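Use these hints to put chains B, C, D, E and F onto chain A, whose structure you have.
Residue numbers (our numbering), protein chains in the order written: chain A, 26 to 149; chain B, 26 to 149; chain C, 26 to 149; chain D, 26 to 149; chain E, 26 to 149; chain F, 26 to 149.
Hints in this document: simulated from the structure, not taken from any laboratory. A hint or two may mislead.
[Claimed, not checked] In the PhoX-like style, the derived pairs of lysine-lysine whose C-alpha atoms are separated by at most 20 Å in a straight line are: (1) Lys82(F) <-> Lys82(E); (2) Lys102(C) <-> Lys148(C); (3) Lys45(D) <-> Lys148(D); (4) Lys45(B) <-> Lys148(B); (5) Lys82(C) <-> Lys82(D); (6) Lys148(E) <-> Lys45(E); (7) Lys102(F) <-> Lys82(F); (8) Lys82(B) <-> Lys82(A).
[What the hints assert, rightly or not] Non-contacting residues of chain B with respect to chain D, defined by C-beta distances greater than 12 Å in every case (computed): (9) Lys32; (10) Lys45; (11) Arg48; (12) Tyr53; (13) Gln68; (14) Ala98; (15) Leu109; (16) Ile113; (17) Glu143; (18) Thr145.
Quick caveat: nothing in here was measured; it's all calculated off a predicted structure. Cβ atoms here follow ideal geometry from the backbone N, Cα and C, with glycine treated the same way.
Protein chains: 6
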Amino acid sequence: MAEDLSKKGMEVRTALFGEKAARAGHEYLSEFDPGFADFLNDQVFGAVWGRPGLPLKTRSLITMAALLALGRAPELKIHMRGALNLGITRDEIRELIIHLSQYSGVPTAVEAMRVYREVTEPKK
Amino acid sequence: MAEDLSKKGMEVRTALFGEKAARAGHEYLSEFDPGFADFLNDQVFGAVWGRPGLPLKTRSLITMAALLALGRAPELKIHMRGALNLGITRDEIRELIIHLSQYSGVPTAVEAMRVYREVTEPKK
Amino acid sequence: MAEDLSKKGMEVRTALFGEKAARAGHEYLSEFDPGFADFLNDQVFGAVWGRPGLPLKTRSLITMAALLALGRAPELKIHMRGALNLGITRDEIRELIIHLSQYSGVPTAVEAMRVYREVTEPKK
Amino acid sequence: MAEDLSKKGMEVRTALFGEKAARAGHEYLSEFDPGFADFLNDQVFGAVWGRPGLPLKTRSLITMAALLALGRAPELKIHMRGALNLGITRDEIRELIIHLSQYSGVPTAVEAMRVYREVTEPKK
Amino acid sequence: MAEDLSKKGMEVRTALFGEKAARAGHEYLSEFDPGFADFLNDQVFGAVWGRPGLPLKTRSLITMAALLALGRAPELKIHMRGALNLGITRDEIRELIIHLSQYSGVPTAVEAMRVYREVTEPKK
Amino acid sequence: MAEDLSKKGMEVRTALFGEKAARAGHEYLSEFDPGFADFLNDQVFGAVWGRPGLPLKTRSLITMAALLALGRAPELKIHMRGALNLGITRDEIRELIIHLSQYSGVPTAVEAMRVYREVTEPKK
Numbered sequence: 026m027a028e029d030l031s032k033k034g035m036e037v038r039t040a041l042f043g044e045k046a047a048r049a050g051h052e053y054l055s056e057f058d059p060g061f062a063d064f065l066n067d068q069v070f071g072a073v074w075g076r077p078g079l080p081l082k083t084r085s086l087i088t089m090a091a092l093l094a095l096g097r098a099p100e101l102k103i104h105m106r107g108a109l110n111l112g113i114t115r116d117e118i119r120e121l122i123i124h125l126s127q128y129s130g131v132p133t134a135v136e137a138m139r140v141y142r143e144v145t146e147p148k149k
Numbered sequence: 026m027a028e029d030l031s032k033k034g035m036e037v038r039t040a041l042f043g044e045k046a047a048r049a050g051h052e053y054l055s056e057f058d059p060g061f062a063d064f065l066n067d068q069v070f071g072a073v074w075g076r077p078g079l080p081l082k083t084r085s086l087i088t089m090a091a092l093l094a095l096g097r098a099p100e101l102k103i104h105m106r107g108a109l110n111l112g113i114t115r116d117e118i119r120e121l122i123i124h125l126s127q128y129s130g131v132p133t134a135v136e137a138m139r140v141y142r143e144v145t146e147p148k149k
Numbered sequence: 026m027a028e029d030l031s032k033k034g035m036e037v038r039t040a041l042f043g044e045k046a047a048r049a050g051h052e053y054l055s056e057f058d059p060g061f062a063d064f065l066n067d068q069v070f071g072a073v074w075g076r077p078g079l080p081l082k083t084r085s086l087i088t089m090a091a092l093l094a095l096g097r098a099p100e101l102k103i104h105m106r107g108a109l110n111l112g113i114t115r116d117e118i119r120e121l122i123i124h125l126s127q128y129s130g131v132p133t134a135v136e137a138m139r140v141y142r143e144v145t146e147p148k149k
Numbered sequence: 026m027a028e029d030l031s032k033k034g035m036e037v038r039t040a041l042f043g044e045k046a047a048r049a050g051h052e053y054l055s056e057f058d059p060g061f062a063d064f065l066n067d068q069v070f071g072a073v074w075g076r077p078g079l080p081l082k083t084r085s086l087i088t089m090a091a092l093l094a095l096g097r098a099p100e101l102k103i104h105m106r107g108a109l110n111l112g113i114t115r116d117e118i119r120e121l122i123i124h125l126s127q128y129s130g131v132p133t134a135v136e137a138m139r140v141y142r143e144v145t146e147p148k149k
Numbered sequence: 026m027a028e029d030l031s032k033k034g035m036e037v038r039t040a041l042f043g044e045k046a047a048r049a050g051h052e053y054l055s056e057f058d059p060g061f062a063d064f065l066n067d068q069v070f071g072a073v074w075g076r077p078g079l080p081l082k083t084r085s086l087i088t089m090a091a092l093l094a095l096g097r098a099p100e101l102k103i104h105m106r107g108a109l110n111l112g113i114t115r116d117e118i119r120e121l122i123i124h125l126s127q128y129s130g131v132p133t134a135v136e137a138m139r140v141y142r143e144v145t146e147p148k149k
Numbered sequence: 026m027a028e029d030l031s032k033k034g035m036e037v038r039t040a041l042f043g044e045k046a047a048r049a050g051h052e053y054l055s056e057f058d059p060g061f062a063d064f065l066n067d068q069v070f071g072a073v074w075g076r077p078g079l080p081l082k083t084r085s086l087i088t089m090a091a092l093l094a095l096g097r098a099p100e101l102k103i104h105m106r107g108a109l110n111l112g113i114t115r116d117e118i119r120e121l122i123i124h125l126s127q128y129s130g131v132p133t134a135v136e137a138m139r140v141y142r143e144v145t146e147p148k149k
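Chain A with its partners taken away, still in its complex shape (with noise of 0.2 Å):
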């Protein structure tokens, strides 16, 4: 069961941010603590990004409101693009940085459409 949530968490953050991205960020937490990555697979990306009673899209967008929320931009990029991955679309995150310039403040919107800006820019 240990492994199944293993392989489950691999397959949410694989969805989330691609094959590459999912390794490398595992391997970047493993060499801070094994443990603690392993706590982060198999529990909040295995465990609880994988319960079956939201859709991984609901999950995305709650997650990114709650990291605008607290103004945590390092992890509301990431999370951006993985929203941007699953299919949710630049209008939907566009219309949630507006949506909760309301009830987190202006300044938590513009911070995150800085970051909005970051994702979506070609790169040159």
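Same frame as chain A, now just chains B, C, D, E and F:
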């Protein structure tokens, strides 16, 4: 157009809170300041919630996510009731709470669980 | 000089909360820890609030702004009462609440509105 | 009336940031979303900052207080420049930072001090 | 191994809250969602609190520090009781509160002081 | 006695940051405002950190816990260096980060992990 926004705002609030609570909410805010009450109705509920880019259910989910993350229990309670009125299920709200425990911390999820119990408990 | 700060601190607190509440507040804190009570009186109210660079009214306004933004309702209540004692008007406090709804989010403003109602309602 | 708010919003922004930066800010936001750009101009700067109940300088001070308390450095920088344009002195901003160290914690004040240095340092 | 974590989790909770409160807490969470209750017991108390790298007393101190800083009074109350059960003294908790007033602001310390009084006052 | 606090403050800072960095920090703050620099030295480091009720190592651990929870990366970096100077081990800091992921959310822990890597990586 200002009239349109006013009407749209009251429509959104009625869908969320029912006609009686929507009107009572507006009157309560008007006693504090009529201009602020109109701003919330016309701009927040009319112009922002009324934008076509996201369905009401999605707006409700991301609003709850932000309120949970920020630890704003009284507003979370109001919007949890709104979510149930829109047809979001108890199971979906429960999933949202469990999911976000990993993003804003277990204590914010436990506080949201207390709000959930108040909202879903049968009235005595 | 330590004595000067102690005297200055009590003067500031008296201007904010009235002599009776200022003394009661100090005693309440002293029961917890006399050193902490003296720190708050001499350093926070004496040395910081007592600096000449900003008038007391401005210090009261920015204190309320920070407390509203951080969602610290009990302390906001105390400082709203202090603001009224300094001669800041109800209208000015109401404007502060409405203004900050855009910076820390509408829910923080609505919570401050509840505090405002408690502070300004006639006692029954 | 919508036109009046639009004009009022640009007036307030010009007073805060100068005509060039006010226009550039609006264009930058319009690239993200024209409706959100208009909301910020007409509603936030026009309708909220434009309310007669508090002078612009007071609105600037409480805006800085909220941004400092919430740790929103990029927005604080913009509004510190705005404050200087309105005639708020460096000494007053310094006092605000020192005062709030006791309300939102010394680390938020030290971060605001870094912003202050960037804003007030002579350009090389 | 899942069984080991479950047992370890209940051991940690018993050390913190006593056997009766530990069991009641688990049942309360299970009514909300059995999977979440197991996650908190096995993963948070079993796997995280149960890691050998820090003694329970240190984990209790840093948990209280985070809860105080975030202003989560109900959870702080639970963990203050836990701290006393582990043998952390009232004086140490008082020092923690006073110390952190400078890092998360005096209002968070004053709120923690209220929690401290509730936890340490003799029951009437 | 004011002189005693000044001396005590510099002693604590020297234990945390080394003599050179302690002096540089004080000068940096004095350029901003000499009164604020003295407040931080005499009151925060001298009077608060210098209280006998908790050993320096415990004060360092709870300071890191609060800074991590609040997401104050620059100050966390300074205090992580201080912790290592006091003899807190890398393993203990790593445990603190993993433990708090459950209290202030995984994103705050991941941000602290980045700070940890910067502090512990060999200089190139």
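Hints versus structure:
no.	hint	result
1	Lys82(F) <-> Lys82(E)	13 Å, holds
2	Lys102(C) <-> Lys148(C)	15 Å, holds
3	Lys45(D) <-> Lys148(D)	19 Å, holds
4	Lys45(B) <-> Lys148(B)	19 Å, holds
5	Lys82(C) <-> Lys82(D)	13 Å, holds
6	Lys148(E) <-> Lys45(E)	19 Å, holds
7	Lys102(F) <-> Lys82(F)	16 Å, holds
8	Lys82(B) <-> Lys82(A)	13 Å, holds
9	Lys32	16 Å, holds
10	Lys45	28 Å, holds
11	Arg48	23 Å, holds
12	Tyr53	20 Å, holds
13	Gln68	5 Å, violated
14	Ala98	19 Å, holds
15	Leu109	29 Å, holds
16	Ile113	26 Å, holds
17	Glu143	28 Å, holds
18	Thr145	32 Å, holds
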